[in-house]
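Visitor: Sequence:
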Amino acid sequence: MNNSTNIEFISGMEVDDDDISFLNQTMNDSFLSLLCYGTIDDYKEEDEVNSIEDWSSNEKDDDSDGVEKITEHGVVYPSYGSTVNWKLQKPMVGMKFESLAQLKESLIDYGVSNGYQLEFPVNDHKRLLVRCGKETEEDDGAGKKRKVRKCPFRLWASRMTSEDSFQIKSLDEKHICSRKFSLGSLVTYSWIAKRYFKQIIDNPEISLREMQKDVMRKKVIGLDGCFLKNSGQLLSAVGRDANNHIFPLAWAVVSVENKENWMWFLDLLRDDIEIKDGFGLTLISDQLKGIIEAVKDVFPYAEHRQCTRHIYANFKKKYRGLQFKNLFWAAAKSTTEQQFEEKIEELKTISNGAYNHLMERNPITWSRAFFEVNRACDAYENGMSESFNSRIRVARRMPIITMLEEIRLFVMQRVFLMATKAEKMEYDVCPTIRKKLEDIKVKQRHWKVIPSSNIKFEIRNEKDAYVVNIDEQTCSCRSWQLSGIPCVHTVAALVFINKDPETYVSNWLKKDMFKETYKYPIKPLRGSKYWPKTNDIKPLPPKERRMPVSKMK
Numbered sequence: 001m002n003n004s005t006n007i008e009f010i011s012g013m014e015v016d017d018d019d020i021s022f023l024n025q026t027m028n029d030s031f032l033s034l035l036c037y038g039t040i041d042d043y044k045e046e047d048e049v050n051s052i053e054d055w056s057s058n059e060k061d062d063d064s065d066g067v068e069k070i071t072e073h074g075v076v077y078p079s080y081g082s083t084v085n086w087k088l089q090k091p092m093v094g095m096k097f098e099s100l101a102q103l104k105e106s107l108i109d110y111g112v113s114n115g116y117q118l119e120f121p122v123n124d125h126k127r128l129l130v131r132c133g134k135e136t137e138e139d140d141g142a143g144k145k146r147k148v149r150k151c152p153f154r155l156w157a158s159r160m161t162s163e164d165s166f167q168i169k170s171l172d173e174k175h176i177c178s179r180k181f182s183l184g185s186l187v188t189y190s191w192i193a194k195r196y197f198k199q200i201i202d203n204p205e206i207s208l209r210e211m212q213k214d215v216m217r218k219k220v221i222g223l224d225g226c227f228l229k230n231s232g233q234l235l236s237a238v239g240r241d242a243n244n245h246i247f248p249l250a251w252a253v254v255s256v257e258n259k260e261n262w263m264w265f266l267d268l269l270r271d272d273i274e275i276k277d278g279f280g281l282t283l284i285s286d287q288l289k290g291i292i293e294a295v296k297d298v299f300p301y302a303e304h305r306q307c308t309r310h311i312y313a314n315f316k317k318k319y320r321g322l323q324f325k326n327l328f329w330a331a332a333k334s335t336t337e338q339q340f341e342e343k344i345e346e347l348k349t350i351s352n353g354a355y356n357h358l359m360e361r362n363p364i365t366w367s368r369a370f371f372e373v374n375r376a377c378d379a380y381e382n383g384m385s386e387s388f389n390s391r392i393r394v395a396r397r398m399p400i401i402t403m404l405e406e407i408r409l410f411v412m413q414r415v416f417l418m419a420t421k422a423e424k425m426e427y428d429v430c431p432t433i434r435k436k437l438e439d440i441k442v443k444q445r446h447w448k449v450i451p452s453s454n455i456k457f458e459i460r461n462e463k464d465a466y467v468v469n470i471d472e473q474t475c476s477c478r479s480w481q482l483s484g485i486p487c488v489h490t491v492a493a494l495v496f497i498n499k500d501p502e503t504y505v506s507n508w509l510k511k512d513m514f515k516e517t518y519k520y521p522i523k524p525l526r527g528s529k530y531w532p533k534t535n536d537i538k539p540l541p542p543k544e545r546r547m548p549v550s551k552m553k
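Be aware that the sequence shown starts at 1, since it is given in the UniProt record's numbering, and climbs by one per residue.
These are computed hints drawn from the structure, not numbers from a lab.
Any given hint could turn out to be false.
To be verified - Estimated spans, in silico, between C-beta atoms of each pair:
1) E372 x E98: 29 to 39 Å
2) I273 x G143: 52 to 62 Å
3) E98 x I450: 51 to 61 Å
4) N326 x D124: 52 to 62 Å
5) S99 x S170: 13 to 23 Å
C-beta: ideal position from N, C-alpha, C; glycine also.
Input sequences plus hints: build the corresponding full structure.
Guide: Shown next as structure tokens:
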């Protein structure tokens with residue numbers, strides 16, 4: 001494999017200097033070592049890199065939405081469900097509400113959970129008009145100023161004449177605005193008291209910042225299954241921290257990787273992360289049919305990205321050569337639909353078969369051109385899960401109970417190490433993100449900045465031009481919105497107006513969020529001799545499996 005291929009597959013992976021080994025944590029435990037055969041050296045064979053630190057990679061099918069349906073004159077209208085988690089509220093045309101107050105409460109929940117700056121220009125006992133974003137003044141070309149809103153979102157509701165209910169009559173649900181983290185006009189004292197009543201009772205000292213971060217948490221999870229040496233498979237869900245390193249969330253041993261077992265695992269994960277139907281959630285996995293179907297059932301509204309590495313591995317079995325490879329990765333890396341179309345059409349001129357092969361695999365799931373924005377993650381491959389599996393490679397060769405103990409200790413040590421590193425961070429932006437930003441700063445000098453105003457700029461090079469809006473934190477290349485890191489065009493504009501690009505990095509990628517991630521340690525346990533006794537048959541070591549040896553002729 002050449003160097004360029006390695007760069008495509010593991011771009012962004014990091015290895016820190018303070019790696020610490022996690023192997024052999026349980027081998028002196030009398031119970032856990034009884035379950036093993038051989039020595040630790042047997043398990044370490046061919047595994048030279050295993051440590052707490054990781055190199056991190058940058059690398060609607062369900063009708064049930066928790067909303068009651070009411071049929072009138074043959075037309076099905078959704079009815080507002082007050083039992084639905086407030087973070088999952090979403091307006092729909094025709095949805096009916098008991099009162100104006102209930103409708104506004106639902107819209108405030110929707111605005112806060114998604115970071116939309118909703119306003120109510122018309123708000124009386126009979127009518128409600130909802131718009132997104134503040135009005136700004138623009139020159140109409142005739143020397144006069146006019147007020148405009150950039151975001152097209154618009155909702156109109158009014159009291160029904162046939163009954164005492166409020167109903168959404170029209171809705172343009174498209175948003176082109178960036179996520180807002182200052183929502184003071186929506187988040188009132190009464191709203192906080194209602195939505196965080198239980199947390200305040202359980203923890204009277206909970207801070208406003210903690211509640212704010214609960215709303216704006218990063219929701220990107222890698223899913224994967226890997227084989228165990230003795231039997232079964234390990235399913236895992238791995239998140240991504242503010243430094244773009246792995247954050248193991250959940251893992252479980254199952255007999256086989258299929259839809260039934262993935263649904264069981266995802267059901268538990270859903271309850272744990274409290275995202276009922278997947279609104280605002282991004283999942284990344286391989287192409288296995290079982291996991292794809294399970295995600296559709298458990299998280300019907302989640303964005304489900306397919307690991308591009310697996311897409312390419314299957315593609316190159318039939319379509320080999322540097323030209324096929326370069327066009328595939330160019331299409332996958334494209335951040336706009338226009339870029340994607342250009343590359344995929346170029347591929348079509350070379351091979352209709354190659355074009356059809358990729359289009360049949362739903363580009364929406366593997367090209368950045370179609371990914372959801374404002375997730376602070378533009379990853380198109382499942383490097384998080386790959387890195388986690390690599391870290392526990394030795395443990396996966398051990399018996400199940402011993403392996404689970406090794407993983408628990410690995411994660412416990414890792415959380416402590418990351419919490420310690422968080423206290424030593426010098427800058428607001430996390431180290432891995434700062435390094436990427438520094439690389440971008442070097443490249444920005446190749447772009448020319450043409451100002452339109454103090455906040456809008458046209459950024460050009462010899463053949464391309466992009467529009468940057470500093471206030472809305474957008475670039476027409478979409479890279480800034482996808483990754484949460486100012487793109488080269490944005491950095492060029494910021495340098496032009498003497499502003500620090502680090503200020504415009506997503507809050508999800510900053511030191512405060514990193515600290516928040518690792519503030520809760522995993523509790524230690526006593527050794528196995530203190531575990532509760534049972535009358536069950538004691539587990540025995542697994543039979544050692546030996547590969548047949550062919551006889552020499």
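Visitor: All the hints need checking, so say for each whether the structure fits it.
Guide: Here's how the hints hold up against the structure:
Range check, E372 to E98: about 32 Å between beta-carbon atoms, so the 29 to 39 Å window is met. I273 and G143 have their C-beta atoms about 54 Å apart, which keeps the hinted 52 to 62 Å range intact. Checked against the hint of 51 to 61 Å, the pair E98 and I450 passes, with Cβ atoms roughly 53 Å apart. One distance hint, 52 to 62 Å for the beta-carbon pair N326 and D124, holds here, with the actual separation near 60 Å.
Taking the beta carbon of each, S99 and S170 are about 20 Å apart, inside 13 to 23 Å as hinted.
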